Amino acid sequence: MRSFTHINVHTIEEACSLLDRYKGKAVLNAGGTDLLGVLKDEIFPEYPAVIINLKTISGLDSISENNGGLKLGALTKLSDIVNSPSIKERYPCLAEAARTVATPQIRNAATIGGNLCQDVRCWYYRYPRHIGGPIQCLRKGNGPCLAVRGDNRYHAIMEGKKCFAVCPSDTAVALAALDVFSMLRDPSETGR
Amino acid sequence: MSVDRTITGYGRFEPDYSLTNCMMTFIEVEVDTETGKVDLVHVVNATDAGQIIDPPGLENQLNGCLGSAGIDSAIFEETILDRTSGHTLNANLIDYKWRTFAELPPIHNVVLETPFPSHRFHAVGIGEVATSPGPSAVLMAVSNAIGTWLHEYPVTPEKVLKTLGKVPPSKRKGGGQ
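Line by line, the protein sequences give chains A and F.
Just so it is clear: in the first sequence, position 155 is 155 by our numbering, and no numbers are missing.
One rule links them: number in our numbering = place in the second sequence (from 1) + 1000.
Since the hints were derived computationally from the structure, they do not count as laboratory data.
Each hint should be verified, as a subset may be incorrect.
Heads up, simulated BS3-like pairs for lysine-lysine below, C-alpha to C-alpha not over 30 Å straight-line [as the list claims (entries may be wrong)]:
no., chain 1, residue 1, chain 2, residue 2
1, A, Lys-88, A, Lys-162
2, A, Lys-77, A, Lys-88
3, A, Lys-140, A, Lys-23
4, A, Lys-55, A, Lys-88
5, A, Lys-161, F, Lys-1162
6, A, Lys-55, A, Lys-25
7, A, Lys-161, F, Lys-1159
8, A, Lys-140, F, Lys-1097
9, A, Lys-40, A, Lys-25
10, A, Lys-161, F, Lys-1166
11, F, Lys-1159, A, Lys-162
12, A, Lys-77, A, Lys-40
13, F, Lys-1097, A, Lys-162
14, F, Lys-1097, A, Lys-40
15, A, Lys-161, F, Lys-1097
16, F, Lys-1159, F, Lys-1097
17, A, Lys-77, F, Lys-1097
Which chain F residues face chain A? A few, computed with CB under 10 Å, are given here [claimed, not checked]:
no., residue
18, Gly-1064
19, Asp-1082
20, Ser-1085
21, His-1087
22, Thr-1088
23, Asn-1092
24, Ile-1094
25, Asp-1095
26, Thr-1100
27, Leu-1104
28, Thr-1156
All figures in this text were calculated on a predicted structure; none of them were measured in a lab.
For every residue, glycine included, the Cβ atom is placed at its ideal position computed from N, Cα and C.
Given the sequences, and given the hints that come with them, work out the whole structure.
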């Protein structure tokens, strides 16, 4: 791993303005359970110069009532979702899906937002540098998709267009089944 | 400087390769003929150790029959090679399928103690041999379950379904199965 600048932000606006300022050289980090794996395997040609830590933003990690439903902050830890009595009672499929993610140690650090945003698990895409990679592919914008003619036993069988890697998130399936809405902040719109 | 009170001794370990050890493994599996999934239900190991010297150590070795080219190599453990580029695709513990603690089957070990007419302890070693009969036993058990012989492992769902005739054999070169 190479060195980077680590910045703690305290509001979403601060994170958005930093992303704008560093223009592609900064990445966001919450639990870090996926990002650090990607960085250590060095699968991209460019390494981020800055990592923006979102864990120091308060108020985004709670489960609260909202018009008869539940509102989950993006920084809610997976272990909190697994153990939450209100989710287990009203939306048990989400609690069960969160419980199948990784291991207990990872669930203590990982966030629901990060679980949804995690990078794909195509073994060509993720081929690490230290064993002769990285492998350039269509998703990285450089070359053809190797899974098309290669070993694609875990890739999509329907609706793949250019990239055939599936979304690896277990909670995404439960959330999609529950018809969940998510609220996103676009960093280029500083007013929102 | 104090007085140096040490004693130095010399010894030599000479393993005795004239003795053989043996291992039997009985396996019960459940095969889902719709999805092709093979579940390990029960494992019984049987051997003769001559004279048991270290009971917990012996039991640990026999419980290790699952890994390291043992039973699980026939069920899901496989290093997958990309045939066009030569890359090992699952050189990590996420993509290489291995057994977790949540999936351990009941393992019963039967150990006889027939004294071997050999050297002082009348014992033979049991260790790596615990894994040897595993893969063959799995192939026999799965073949017995589905009624046709399987000759390749790991018995992934694709292989089981192909043997059952539910999936056509792949004709592609250069990747997949």
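Evaluation of the provided hints:
no., hint, verdict
1, A/Lys-88 x A/Lys-162, "violated, 38 Å"
2, A/Lys-77 x A/Lys-88, "holds, 15 Å"
3, A/Lys-140 x A/Lys-23, "holds, 18 Å"
4, A/Lys-55 x A/Lys-88, "holds, 25 Å"
5, A/Lys-161 x F/Lys-1162, "holds, 28 Å"
6, A/Lys-55 x A/Lys-25, "holds, 19 Å"
7, A/Lys-161 x F/Lys-1159, "holds, 28 Å"
8, A/Lys-140 x F/Lys-1097, "holds, 26 Å"
9, A/Lys-40 x A/Lys-25, "holds, 17 Å"
10, A/Lys-161 x F/Lys-1166, "holds, 28 Å"
11, F/Lys-1159 x A/Lys-162, "holds, 29 Å"
12, A/Lys-77 x A/Lys-40, "holds, 23 Å"
13, F/Lys-1097 x A/Lys-162, "holds, 27 Å"
14, F/Lys-1097 x A/Lys-40, "holds, 21 Å"
15, A/Lys-161 x F/Lys-1097, "holds, 28 Å"
16, F/Lys-1159 x F/Lys-1097, "holds, 16 Å"
17, A/Lys-77 x F/Lys-1097, "holds, 26 Å"
18, Gly-1064, "violated, 22 Å"
19, Asp-1082, "holds, 6 Å"
20, Ser-1085, "holds, 8 Å"
21, His-1087, "holds, 6 Å"
22, Thr-1088, "holds, 7 Å"
23, Asn-1092, "holds, 8 Å"
24, Ile-1094, "holds, 7 Å"
25, Asp-1095, "holds, 6 Å"
26, Thr-1100, "holds, 9 Å"
27, Leu-1104, "violated, 16 Å"
28, Thr-1156, "holds, 8 Å"
Of the numbered hints listed earlier, those contradicted by the structure are 1, 18 and 27.
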